[in-house]
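*Asks:* Given only the sequences and the hints, what does the whole structure look like? Please build it.
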Amino acid sequence: MSIDWITVLAQVGNFLLLVWLLKRFLYQPILNGIAAREAEIARRLEQATLAREKAETAEQQYLSSLAQTRAGQEEAVASALEQTAEQREQILRRARKQVEHERQEWQAYLEREREEFVRHLQLTAHDTLLATSQRMVQELADEQFELLILRHLRRQLQSIARELVQAAGTSQEIEVSTRYELPDDSRQQVIDILQELFVGAVVNFRIRLEQSPGVMVHVGGVEVSWTLDSYAEELAREFREQYARTAGEA
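Just so we're aligned: 42 in the numbering used here is position 42 of the sequence shown, and the numbers increase by one with no gaps anywhere.
If you are wondering where the hints come from, they were derived from the structure by calculation, not from laboratory data. Here a beta-carbon is modelled for each residue, glycine too, at the ideal position from N, C-alpha and C. Worth double-checking, as some hints may not be accurate.
Pair ranges (Cβ atoms, derived) [claimed, not checked]:
{"hint": "1", "residue 1": "Ile160", "residue 2": "Ile30", "range": "44 to 52 Å"}
{"hint": "2", "residue 1": "Glu82", "residue 2": "Arg24", "range": "55 to 63 Å"}
{"hint": "3", "residue 1": "Arg93", "residue 2": "Phe239", "range": "49 to 57 Å"}
{"hint": "4", "residue 1": "Lys54", "residue 2": "Val19", "range": "46 to 54 Å"}
{"hint": "5", "residue 1": "Glu59", "residue 2": "Glu105", "range": "26 to 34 Å"}
{"hint": "6", "residue 1": "Glu175", "residue 2": "Gln242", "range": "34 to 42 Å"}
{"hint": "7", "residue 1": "Thr49", "residue 2": "Arg24", "range": "36 to 44 Å"}
{"hint": "8", "residue 1": "Ala236", "residue 2": "Pro183", "range": "31 to 39 Å"}
*Replies:* Quick look at the structure:
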């Protein structure tokens with residue numbers, strides 16, 4: 001069966017459109033927040049500069065006054081200069097400390113947002129890739145895939161035998177559905193496996209063209225499936241659990 005390249009290209013186009021939408025509606029607000037934070041830092045720097053200029057102006061005014069007070073006020077002038085310099089240094093130290101604190105907060109915020117954006121992008125890319133791969137495999141799968149699953153049916157049923165028996169209750173009918181018709185020897189193999197678990201049960205086979213390639217067993221209102229769709233769903237679930245654990249650790 002040939003690959004439907006038009007569908008593949010459409011999926012790729014959808015993925016590129018999704019990346020553009022993420023950039024437009026997720027990453028742009030992040031950049032806007034960063035710009036606002038930078039503006040706030042600039043404003044505080046300006047305030048610190050004004051405070052420093054005020055201190056320097058006060059110093060210059062005092063120096064001018066000192067020149068007029070003559071020798072008798074030298075000690076008072078020296079003390080005032082020392083206090084002014086100390087105040088100026090205190091203001092500058094506070095300003096530098098505040099600016100450094102704001103810078104570190106901004107960098108931490110930017111890093112968190114970047115990591116979150118990358119995680120969302122990876123999750124979206126995985127979902128798109130998984131859907132595309134699932135579609136391609138379904139188009140390529142045939143009855144040989146179902147026969148391959150039947151080789152492992154005994155082991156798979158034995159792992160959930162207790163639950164199936166409890167779910168079946170008094171039911172004596174079992175339905176096995178596939179997308180393709182099974183050969184007679186494969187049907188007999190399925191009957192033998194199921195009757196080991198359900199003694200005297202009647203096994204009916206049904207062809208479902210709308211079903212994903214694989215095998216589904218219906219017993220007592222319970223449905224157990226080993227299909228491409230079920231494997232893809234389990235893979236997606238495991239990836240999302242891993243993503244959730246990674247996000248929690250971050």
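*Asks:* Now look at each hint and say whether the structure bears it out.
*Replies:* Here is what the structure says about each hint:
no., hint, result
1, Ile160 to Ile30: 44 to 52 Å, "holds (46 Å)"
2, Glu82 to Arg24: 55 to 63 Å, "holds (58 Å)"
3, Arg93 to Phe239: 49 to 57 Å, "holds (50 Å)"
4, Lys54 to Val19: 46 to 54 Å, "holds (51 Å)"
5, Glu59 to Glu105: 26 to 34 Å, "holds (32 Å)"
6, Glu175 to Gln242: 34 to 42 Å, "holds (35 Å)"
7, Thr49 to Arg24: 36 to 44 Å, "holds (37 Å)"
8, Ala236 to Pro183: 31 to 39 Å, "holds (32 Å)"
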